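Visitor: Sequential numbering from 3 applies to the sequence shown in the working numbering.
The hints are simulated quantities; they were obtained by calculation from the structure and are not laboratory data.
Mixed in with the good hints, there may be bad ones.
The calculated EDC-like cross-link candidates involving lysine to aspartate or glutamate, where the alpha carbons are at most 20 Å apart (straight line), are [unchecked claim]: (1) 214 to 79; (2) 113 to 160; (3) 222 to 180; (4) 107 to 160; (5) 227 to 180; (6) 113 to 243; (7) 107 to 79; (8) 65 to 87; (9) 218 to 180.
On a predicted model such as this, the values are computed, not experimentally measured, just so you know.
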Amino acid sequence: MAKTKDATSQILHGPHETRRFGRTITIDLSAPQLGLVVERGSSLPRASVVVTTCAREIIAHSKEGIKVDTIVVVGSETDPADHPDLREITENLRALRDKWFSRAKLLVFTKTRDLSCYDVRATLAMYSAVHLEFDWGTAKNWTAATGEKGPAFGALVDDCHHFDHLVLEVSLFRAPIDNTAANEVTAMGKKFQIMKPQEILVMCATGSVTGKKGAKAATKSQRDKIADQLAEATGISVQPEDFEVLLPS
Numbered sequence: 003m004a005k006t007k008d009a010t011s012q013i014l015h016g017p018h019e020t021r022r023f024g025r026t027i028t029i030d031l032s033a034p035q036l037g038l039v040v041e042r043g044s045s046l047p048r049a050s051v052v053v054t055t056c057a058r059e060i061i062a063h064s065k066e067g068i069k070v071d072t073i074v075v076v077g078s079e080t081d082p083a084d085h086p087d088l089r090e091i092t093e094n095l096r097a098l099r100d101k102w103f104s105r106a107k108l109l110v111f112t113k114t115r116d117l118s119c120y121d122v123r124a125t126l127a128m129y130s131a132v133h134l135e136f137d138w139g140t141a142k143n144w145t146a147a148t149g150e151k152g153p154a155f156g157a158l159v160d161d162c163h164h165f166d167h168l169v170l171e172v173s174l175f176r177a178p179i180d181n182t183a184a185n186e187v188t189a190m191g192k193k194f195q196i197m198k199p200q201e202i203l204v205m206c207a208t209g210s211v212t213g214k215k216g217a218k219a220a221t222k223s224q225r226d227k228i229a230d231q232l233a234e235a236t237g238i239s240v241q242p243e244d245f246e247v248l249l250p251s
């Protein structure tokens, strides 16, 4: 297997086996860098660093006959949607995928709370699918979990209908706030009908309250029950799922 030996090797991980996506390459757009960053005082790698690193590794893997099912773009420190060079990076990753692993899916995982920018939406739409964290039904829980005001919640919901291949990743938790209550689940269903995702994945995880004191995930029985309720209420494909770490430590 090809190995990168310079300081940028942490940007690209894999290929490694994942339960959900098969043989996967994970690209961390916010892997901290000491040089060649987007601006003074930042640790975000420039597009040129990300693209050069990925090109070298992807081409080497392809020439060695290594199988890749999925290329996943994530951000360990900063969300991919907030990277100022996201469009340039995405265009180059698509070109690399098309040439060297044409059958592989190119996915992006984002926790962005703001999709109001057309350029960001247009760039995210270049991926095979956009996986978006979405754990809230009411503005009250949204604000408690994220610190953002209610109008931003409504704007995010409205902006999601622009995507043809949106996958919502819903974490269910009981504390420090509870998004498994009947009124919250009902409100989620109504939001999903506006957002029109391709698929909804429901899991027992702390999601947007991770790191908060007393954070506690829901049980699998709660997850399965809520998945059925959401599927019936929305007519959208809703699948119970187990949380999986996609960025190897």
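Visitor: Against this structure, judge whether each hint is valid.
Guide: Hints, verified against the model:
no.	hint	result
1	214 to 79	holds, 17 Å
2	113 to 160	holds, 16 Å
3	222 to 180	holds, 15 Å
4	107 to 160	violated, 26 Å
5	227 to 180	holds, 15 Å
6	113 to 243	holds, 18 Å
7	107 to 79	violated, 23 Å
8	65 to 87	violated, 28 Å
9	218 to 180	holds, 9 Å
The earlier numbered hints that this structure contradicts are 4, 7 and 8.
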